[in-house]
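Chemist: Following the hints, put chain B in place on chain A, whose structure we already have.
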Amino acid sequence: MPRVRILKTFAVLVLFIALKAAGNLSLAWGMKHLGESASANPLFYIRAMLNPFVLSGVATLIVAILVRLVLLSLSDLSFVLPVTAVGYVIATFLGKTVLHEEVTASRWVGTVLIVIGAVLTSSTVHTTARKEDRQA
Amino acid sequence: MRWILVALMVAATAASDLLQSFEMKQAGEQSARARGLMRVLRMIAQRRYLILSIACLSVSFFSFMALVQMGPLSFAVPASGASFFLETLLAKLLLKEHVGKRRTAGALIVLAGVVLVGG
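Chains as they are written, first to last, in the working numbering: chain A, 1 to 136; chain B, 1 to 119.
The following block holds chain B by itself, in its conformation from the complex:
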């Protein structure tokens, strides 16, 4: 069950990040000042992929809550690092980003670490 929750948490995080990345690249550069943040908040309400990304983020957080209830914190937090692996894979496959040898090695090391943490 805990691996299902990890998979759900990581998949929802990756989906949320990809949706945000896709939508924000179309939206152009935004300001982090108060007025800029208000505009980002309005944008969330108007753009369906951003709404979907918030829904994914909620699923990810609820999965994390369930995970820390049934398993140790020393498993739940490091296991969430699996998102580095999945996001690198999806960035290459879906966003067609350039993924070099160093980044590929890093993603594989993360995956090995997650397997060990759960062992």
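In isolation and in its complexed conformation, chain A is listed as follows:
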């Protein structure tokens, strides 16, 4: 793979992880400061999106999905899924530092186990691509 393409893949990867983390954080902050409790009524979620933090969180997560599509066009899913699993650790770190959540030792261990499990599960994704396509 040419060096420029590797750098581009890395830059898009970092952008995706950052957008996902920022989107989740903004969404969580907005939802916690709504002043109305979640319900099964779909109208609640429409109203929630009027909150600027929720709205920016949703918008950021939509951009993250598009950036992930670009990432998938640059590299394989079996690379993207395990590498982006680091997002679980980042979310836990942001929860602790920005939202001042109590993160116990067992939660840290659990988060790391989820990342390890995700890497093991997704780095062996069985490709359905034809053999001649993979060799090309």
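Misleading hints may appear alongside valid ones.
Partner residues are not named here, just some residues of chain B that face chain A (Cβ under 7 Å, in silico) [to be verified]:
{"id": "1", "residue": "A7"}
{"id": "2", "residue": "F84"}
{"id": "3", "residue": "A112"}
{"id": "4", "residue": "G113"}
Read the hints as simulated data drawn from the structure, not as lab findings. Computed from a predicted structure; not experimentally measured. Glycine is no exception: its CB is placed at the ideal position from the N, C-alpha and C atoms.
Modeler: This is chain B only, laid out in the frame that chain A set:
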């Protein structure tokens, strides 16, 4: 309540992924260029399983919104990783995919991690 939301979120995500996988395998290879993406958008409107998959994705996202409101972000995001376990199980049972020892071990480790995160 938070475990019900996790279950709803993960089940809806898995259902959405399975529906998309099933429908897109029938649709054949698609392009990620602008014109190709427009065709995928049109396809979503025409294929009922894709419409259903978008509905499932909405349920999953709304569950996540409710989850981050009532619980910590450090629980909600890692717990969403349970989809790795459920999707591996469903891929084997419904899509009849080959699931090796390494993938099985990974799925079980994810499940153990989710239990610890919620503890």
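Chemist: Would the stated hint for B/F84 survive a check requiring a Cβ distance to chain A of less than 7 Å?
Modeler: holds, 5 Å
Chemist: Against chain A, is B/A7 within 7 Å by beta-carbon distance?
Modeler: violated, 15 Å
Chemist: Classify the hint on B/A112 as holds or violated, based on whether any CB of chain A lies nearer than 7 Å to its CB.
Modeler: Holds, because the Cβ-Cβ distance from B/A112 to chain A comes to roughly 6 Å (cut-off 7 Å).
Chemist: With 7 Å as the cut and Cβ atoms as the points, is B/G113 at the interface with chain A?
Modeler: The hint holds - B/G113 has a Cβ within 7 Å of chain A, the shortest such distance being about 3 Å.
In summary, the structure is inconsistent with hint 1 from the numbered list given earlier, while agreeing with all the others.
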